[in-house]
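Residue numbers (the numbering used here), protein chains in the order written: chain A, 1 to 241; chain B, 1001 to 1256; chain C, 2001 to 2287.
If you're looking for bench data, these hints aren't it; they were derived computationally from the structure. Where a beta carbon is used, it is the ideal one built from N, C-alpha and C, also for glycine. A hint or two may mislead.
FRET-style restraints, in silico, Cβ to Cβ [as the list claims (entries may be wrong)]:
1) C:2069 x B:1129: 47 to 57 Å
2) B:1226 x A:97: 52 to 62 Å
3) B:1107 x A:90: 23 to 33 Å
4) B:1054 x C:2097: 29 to 39 Å
5) A:12 x B:1096: 43 to 53 Å
6) C:2094 x B:1132: 19 to 29 Å
7) A:230 x B:1092: 31 to 41 Å
8) A:97 x C:2041: 23 to 33 Å
9) A:229 x C:2014: 38 to 48 Å
10) A:203 x B:1107: 50 to 60 Å
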Amino acid sequence: MEYVSPEGLRLDGRRPMEMRQIRAEIGTVARADGSAVFEMGNTKVIAAVYGPREVQNRSQQISDQALVRCEYSMANFSTGDRRRKPKGDRRSTEISLVIRQTMEACILTHLMPRSQIDIFVQVLQADGGTRSACINAATLALADAGIPMRDIVTSCSAGYLNSTPLLDLNYIEDSAGGPDVTVGILPKLDKVTLLQMDAKLPLDIFENVMGLATEGCKAVANYIREVLLENTKQLEYRRGL
Amino acid sequence: MAAKPGSAPTTYSPSLIQKTRPPIFKDNDLDWVRPDGRGFHQCRPAFFRTGAVNSASGSAYAEFGNTKVIVSVFGPRESKKAMMYSDIGRLNCNVSYTTFATPVRGQGSDHKEFSSMLHKALEGAIMLETFPKTTVDVFALVLESGGSDLPVVISCASLALADAGIMMYDLVAAVSVSCLGKNLVIDPILEEESYQDGSLMLTCMPSRYEVTQLIFTGEWSTLDINEAMQLCLDACGKLGKVMRSCLKEAASASQE
Amino acid sequence: MVGLSVGEKHFIQGGIAQDLRSDGRKRLTYRPIYVETGVIPQAHGSARIRLGATDVIASVKGELGKPSALQPDKGKIAIYVDCSPTAAPMFEGRGGEELSTELSVALQRCLLGGKSGAGSGIDPSSLVIVEGKVCWDLYIDGLVISSDGNLLDALGAAIKAALSNTGIPKVNVASETSGDEQPEVNISDEEFLRFDTSGIPVIVTLTKVGRHNIVDATSEEESQMSSAISISINRKGRICGLTKRGGAGLDPSIILDMISVAKHVSEQLIDKLDSEIAAAEADEEES
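Please build the complete structure, drawing on both the sequences and the hints.
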């Protein structure tokens, strides 16, 4: 199948290095300590953060740092064909783990010993790149909850189809079976915290694709920073400062 | 398990209430009869027996026509360690169907909500504060589903609780009514339930005259609701008496 | 669930007794309702309802299926509700399952009417394409994103809004087939069928705190309830379903009183909801 037309356009009309429209909103779940919605094209994710709070299950308590937990769930209506999946299938367990590890790396857990931080991400619509969208949403939610972090984490995916590196794959491109590289970075520190790839790629091309994904992450980071800044300004305004 | 000869199964049909409007059909020119030949306001004979399961703290067996139910009660026993401290007792209810309960084998499993409905119907009647930190388990098993399963389960469960010596304000009696066309049919059987336009289930504590649970489906006018509720309340009162006499019988038998 | 001190409890109860609740509402006033339609483009219809801090999404998806042998002239409608852990940490893992089933069953009872379909908000026979062979199976999914009490009313309203927003593609049956063969169908991309949603009831939950009834209780207020009755009422003022929650028994006459109060409240709620839905639809078309 042709994923990139001879004119250099992808199935949804984007250029290979073009990202989908991103949109973020902070504070969508009123009762959570921190929450955010993150959209990448048709992919839409809600994240909510509860904590830091008392550890629910005493046996999991860590004496010198905070316990970070994460649960990823998909709404029944999130995929094109509706199906009812049992909770806690392998895919969501894996993504929960990935998100948890990524977020744990940037949260200053040693500042909050003997406490627990819960991150819940809920996919409302899945159209490729849910993993990245979840991480971006979780970052925003953590920032909204005021949890101390080393830096924000941002994530973006890139793939390689029809001998062209493509940024931010959508569902059709994702299910084409080509390599799919998901990268998560700490943009200010310029460090990679998450790197996942399935399928194989020659080393030189991999560098290209990963570079592209990293660029994507940086673009997301700029946007997220803007959103956070705007949110802070509004908070300031509301306090009458 | 049929009724013992001598102690004829008692029925609890409500006495016909003085209707505020003329009946739609005269009793003799009905265009249909109920599949089992009962009158619209006539209940199936109710049979109760306590002490059906020896290993349980209390148990009861109920048979209403083809609907056969067995309920066992365990406890009060220590709550699971993982549960938080509670200064009132916990009630845990579970309703399950045998694989042979329904005409088609293994189809009785789509009644997940019955457990929570049983819980809601009973919790108001039990003095939970009399057994803090502990749990009472109520396990109901529908041996044969013949319609009006849930009301039978609820009545039977309250009898089993009484048999187990759990403190209650009153027994809980439950009756359901189906609306078929313009007729109200009490204690519907399986066939009637599958064609019903609406249904009402009422559980109440007869001596306190309090409704613990009330469920409606289908479209009802206020007038119909009034009539159906009166019908159910009357039937519940009588069913309560049947249950009470069963308990008394068991108590006097054990004294002998 | 909600941890409240003795003082807070007294404050809530006292406020309700004086007809001035902690958020300034009267006993029978709803929180402002915000409706947004078309939030899930992948579904045939969807809506998001916000009621104070309660936030729910409902989506409607149709799939072609076969009617059941018992009722060949009726399509199937199923309602499922999920409680997202984003709403409360206790819904994590299987924690939300119990509440989800309870809500699903209550909604089915309140909106779908009896077994024969009488009193249903949507006429199931309108979903049939070829009798006994092809019909639409309507899947209604609710998702609780944020919960601050009164989930049932919010979900009921969201489903009503989602159904008003729903367009089911028109299906053309290609050719007459005989016998047991499944007829060939072809789904139109352009023509959509809309539902008549005027008959869909709204759900009004009356929560009894002390001696008084309140509508649209927040979760703090719900923690103080002795019992609650959810009544679904349609525009004609007929009761389409009723469920009771909470342990305390009620006198039958009190229940009848509550039903008449709910009827009165439902009239205003239906009008308010209909105008909000119309506004949301207009908004969606503009953007």
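Results for each hint:
1. C:2069 x B:1129: 47 to 57 Å: The hinted range 47 to 57 Å holds for residue 2069 of chain C and residue 1129 of chain B, with Cβ atoms some 51 Å apart.
2. B:1226 x A:97: 52 to 62 Å: holds (58 Å)
3. B:1107 x A:90: 23 to 33 Å: Holds - the Cβ-Cβ distance for residue 1107 of chain B and residue 90 of chain A, about 31 Å, lies within 23 to 33 Å.
4. B:1054 x C:2097: 29 to 39 Å: holds (34 Å)
5. A:12 x B:1096: 43 to 53 Å: With a Cβ separation near 50 Å, residue 12 of chain A and residue 1096 of chain B satisfy 43 to 53 Å, so the hint holds.
6. C:2094 x B:1132: 19 to 29 Å: holds (27 Å)
7. A:230 x B:1092: 31 to 41 Å: At roughly 50 Å between Cβ atoms, residue 1092 of chain B and residue 230 of chain A fall outside 31 to 41 Å, so the hint is violated.
8. A:97 x C:2041: 23 to 33 Å: holds (30 Å)
9. A:229 x C:2014: 38 to 48 Å: holds (44 Å)
10. A:203 x B:1107: 50 to 60 Å: holds (59 Å)
When held up to the earlier numbered hints, the structure conflicts with hint 7 and nothing else.
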